[in-house]
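Protein sequences appear in the order of chains A and B. Counting in our numbering, the first sequence runs from 1 upward without gaps. Counting in our numbering, the second sequence runs from 1 upward without gaps.
Accuracy of the hints is not assured; some may be wrong.
[As the list claims (entries may be wrong)] As a list, the in silico DSS-like pairs of lysine-lysine whose alpha-carbon atoms are at most 25 Å apart:
(1) B:LYS55 <-> B:LYS39
(2) A:LYS125 <-> B:LYS138
(3) B:LYS39 <-> B:LYS108
(4) B:LYS39 <-> B:LYS138
(5) B:LYS108 <-> B:LYS138
(6) B:LYS100 <-> A:LYS131
Honestly, the hints are just simulated from the structure, not real lab data. None of these values were measured; they are calculated from a predicted model.
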Amino acid sequence: MKIQRERVSDEIPTASMADIAFLLIIYFMVTTTFAATRGLDFSLPKDDQDNTTIVDKEESVLIEIQPGGVLVVDGKAMQLETILEYLKPKLERNPNKPVIIRPDQEAEYGYMVDVFDELRQAQEKIGVEVKNVSIPTQREIDMFWY
Amino acid sequence: MKLKARGTQNTMIPTASMADIAFLLIIFFMVTINFEVDKTTVGLPTTQLRFEIPKKAAYISIIQSGQIRVSSGEEISVPVPGPENVLSFAVDVVANNPGKPFVLKADKNVPYRYVDSVIDALKQARAEVIYLLSEQDKLEEGADG
Chain A
1 MKIQRERVSD EIPTASMADI AFLLIIYFMV TTTFAATRGL DFSLPKDDQD NTTIVDKEES
61 VLIEIQPGGV LVVDGKAMQL ETILEYLKPK LERNPNKPVI IRPDQEAEYG YMVDVFDELR
121 QAQEKIGVEV KNVSIPTQRE IDMFWY
Chain B
1 MKLKARGTQN TMIPTASMAD IAFLLIIFFM VTINFEVDKT TVGLPTTQLR FEIPKKAAYI
61 SIIQSGQIRV SSGEEISVPV PGPENVLSFA VDVVANNPGK PFVLKADKNV PYRYVDSVID
121 ALKQARAEVI YLLSEQDKLE EGADG
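Could you build the full structure based on these sequences and the hints that come with them?
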């Protein structure tokens with residue numbers, strides 16, 4: 001009787017490699033989230049008593065933000081789109097004119113960002129940069145506002 | 001004359017390169033994947049100007065109800081009971097890594113008093129820069145220019 005020997009393959013089985021790899025791809029595709037990783041930068045003043053500039057309220061432009069997004073600039077109600085036009089002659093006379101953003105404690109945060117974004121675009125929109133923007137906190141207002 | 005036997009046609013689809021393609025895709029995903037330290041869902045404000053936030057920045061998120069979560073950028077964010085805890089967190093971060101940027105991820109509808117308390121804490125902790133996380137503002141349809 002002739003006994004047939006079983007032939008042993010000398011190849012490494014790689015057929016399932018693609019399956020494993022595609023499973024890994026599916027895992028990465030499902031778990032990947034496209035995070036928002038951009039935003040507006042806002043440099044904080046150095047907490048240095050000697051170099052802190054006290055801005056006189058009368059010398060600056062005060063932008064108040066009320067709940068609902070109502071903007072009051074130097075006591076006058078104004079639209080977001082017209083703020084830069086209002087600021088232009090003042091900034092041309094004094095490029096370091098301080099601009100203070102003062103949101104109401106109950107105003108929505110989004111409106112503060114809208115105003116800050118608008119001021120940051122001054123260079124492109126009116127050709128003059130707003131160099132001096134400050135957003136005092138309630139504690140600072142209580143301490144220094146006069 | 002002895003005729004040569006016809007060669008049999010191979011009916012298999014060559015899949016040897018499939019694994020190579022798949023592993024290339026895996027490498028792409030591994031390189032581009034961005035692990036979020038803060039998975040809080042908030043309605044971000046929209047801005048026209050947006051700048052790239054440095055990696056490993058510390059995160060402070062505020063949801064609409066005022067709940068605050070913090071992360072030093074190394075681990076998943078954790079909730080904190082109140083704004084006073086943000087100050088101690090920020091002081092720790094600045095002490096360990098002076099100049100580290102902070103990212104403020106706040107809901108656009110959150111009352112400003114919550115944001116005010118966080119900014120005040122960061123000022124007191126001597127943080128240098130805050131990034132106000134935002135989404136890209138779409139240009140208005142029909143707008144000039």
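(request) Against the structure, test the hints numbered earlier, and report the numbers of the ones violated in rising order. (result) Every hint satisfied by this model.
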